[in-house]
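Student: Chain by chain, the residues run as shown.
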Amino acid sequence: MDAKKYGGKLLSAELLMIVVALIFLAPFYFLLVNSVKPFGDIMTNSASWPEVFKWDNYTRAWELTKFPQAFLNSLIITAVTVVLTSLISAMGAYRMVRANTRYNRFLFMLFVASMVIPFQSIMIPLLQVVNTLGVNNSMYGLIICYLGLGAPLSLFLFHGFVKSIPLEIEEAARVDGCHPVMVFFRIVLPLLKPMMMTVIILNTLWVWNDYLLPSLILQKPEMRTIPLATFAFFGQYTKQWDLALPALVLGIAPIVAFFLLLQRYIVEGVAAGSVKG
Amino acid sequence: MQDKKLTGWLQQLIFVGPVTVFFLLIMIIPFLLGMYYSFTDWNGVAGTVHWVGFDNFKQIFTNDPDFWNAFWFTLRFTLVGVVLTNAVGFFLAYLLTKKMKTRNVLRTIFFMPNVIGGLLLGFIWQFIFIKGFATVGDLTGWSFFNLPWLGDETTGFWGIVMVFVWQTAGYLMVVYIASLANVSKEVLEAAQIDGASHGQILRSIIVPLIMPAVTVCLFLAISWAFKMFDLNLSLTKGGPYKSTESVALNIYAEAFQNNRYGLGTAKSLLFFVMVAVITLIQVRVTKSKEVEA
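Chains as they are written, first to last, in the working numbering: chain H, 99 to 375; chain L, 101 to 393.
Hint data in this document are derived by calculation from the structure and do not stem from the laboratory.
One or more of the hints may lead you astray.
[Stated by the list, open to error] Once the Cα atoms are required to be at most 27 angstroms apart in a straight line, the calculated DSSO-like pairs of lysine-lysine come out as: (1) K337/L x K318/H; (2) K158/L x K285/L; (3) K158/L x K337/H.
[As the list claims (entries may be wrong)] Label pairs and their computed distance ranges (CB to CB): (4) I267/H x I381/L: 50 to 58 angstroms; (5) D238/L x Q167/H: 33 to 41 angstroms; (6) K158/L x R200/H: 38 to 46 angstroms; (7) L287/H x V377/L: 34 to 42 angstroms.
[Said to hold, decoys possible] Example chain L residues on the side facing chain H (calculated, C-beta under 7 angstroms, incomplete): (8) F223; (9) I224; (10) T235; (11) A278.
Treat the numbers as computed from the prediction; the structure is a model and nothing was measured.
Ideal Cβ positions, reconstructed from N, Cα and C, are used throughout, including at glycine.
Could you build all of it, start to finish, from the sequences and the hints given here?
Tutor: Listed below in structure tokens is the structure:
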């Protein structure tokens, strides 16, 4: 019925959704308009459109949070983690499906079971491990942790996907004398692309936004990621909204831009990742 | 033959080796270490670990009201948050699978809060609760907006619930949309021709058919809510007077502020058991309600 014509019922449903969407967006409105107001104007009326645009708020927040440094740290940590996690999980999942031994079945079960473990349940001894390895207070240490923490879900997603890839193509390549490692990189990896997108997106959103783990491992101010820099800044300038708000806008800008650019893939990736999970 | 066996092991090493090493090092070893430490009085400094048997657990069960307050808070929050975010997520998905002209833009808007991390969202909402709500309250005169938001236990609880729903409903919406798209049009049309009402179709056809998505969405929402840390830290820090402290925050404070690592790991172990039991029960129950399409 409603598939055929655009009637009054559908129109009212659409109007209702638009109102709900505006309510969803309201916090962003408050954030943006107040980020350019002088402090006094924020205090007297936080709902109005800015009378004067004090762009200087942004200049000061940019300098005080050392935004370029934090952005770069977040970018390096996220990029390296995401690339390495995707690669090692895809390789592991591929082998576990193709060599279905008792040992691999047990290992896979261990990976799946570990997905129930909350991070807070292992964080205290994890720090001990990080200290023992001597990688405390370094980006390497943080990335190593992410590789282990991100592996179970990524491997699980690839595992389900590899099962759906027909064996014939690989066998043909192998008969032609292609080395198994080359078979993986030349033939299997390109076929994994749809699931690769999902894994990359899920891991990017997680690592980029994570606060707790980096707060435990990175103590030096010059290593701070965006969430760490924002937290430190907010603690120092609480209630100084004319500085805190532009800092927050800067903090969310990269990930929101990333989302708006790749939204189709992100929404599809999320759907694929959850339905399989 | 010998050669083939060797390459088999070499391949196993190359392909499965790296991911297994990191997994064992970062998840399994800390998990096992945590079990050991939970029976000790470790204070974070190496070389001061003494076996204390069940003392930590005795302490938690008999003499730690803060932990149990945090537990009840987390349980209440999980219950309310999970129900509300699933209701909102499903409601959005249900309407957005209809042929609306703006549905793609609307989906983007509803999903957007989800890509921003909990910590920054919490700070943004601190401003909304403190300044934004006050202004809206002055403009509209609605007393709802003039409550002392985040200032007492009740508004703290509902404040966190509100932001949690705002953040997570869009994600669940995407999962529900994917599932609703698979409900066959023929079945729905047949039911309509037979004179079933919208409510009947929803209850008797759509909901049973999308139960796999319900399983997933409940699972996701429960684990987000039960493990909530960032939102809690940035919105209320557990205050006032620890009245809105989640279990995750309580464990964090025990270990890294009180330096009682042994006690902290004991709480971590209990926390793991709670999460495992709750999610296993939920998956069991909703799986049993799934039907073959």
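Student: All hints are to be evaluated individually against the structure, with a verdict given for each.
Tutor: Consistency of the hints with the structure:
1. K337/L x K318/H: 23 angstroms, holds
2. K158/L x K285/L: 58 angstroms, violated
3. K158/L x K337/H: Given pair K158/L, K337/H is violated - Cα atoms ~42 angstroms apart, limit 27 angstroms.
4. I267/H x I381/L: 50 to 58 angstroms: Once the Cβ atoms are compared, 43 angstroms apart, the range 50 to 58 angstroms for I381/L and I267/H is violated.
5. D238/L x Q167/H: 33 to 41 angstroms: 40 angstroms, holds
6. K158/L x R200/H: 38 to 46 angstroms: At 41 angstroms between Cβs, range holds.
7. L287/H x V377/L: 34 to 42 angstroms: For L287/H and V377/L the Cβ distance comes to about 39 angstroms; the hint holds.
8. F223: 5 angstroms, holds
9. I224: 5 angstroms, holds
10. T235: 4 angstroms, holds
11. A278: The hint holds - A278/L has a Cβ within 7 angstroms of chain H, the shortest such distance being about 4 angstroms.
Violation of the numbered hints given earlier is confined to hints 2, 3 and 4; the remaining hints are satisfied by the structure.
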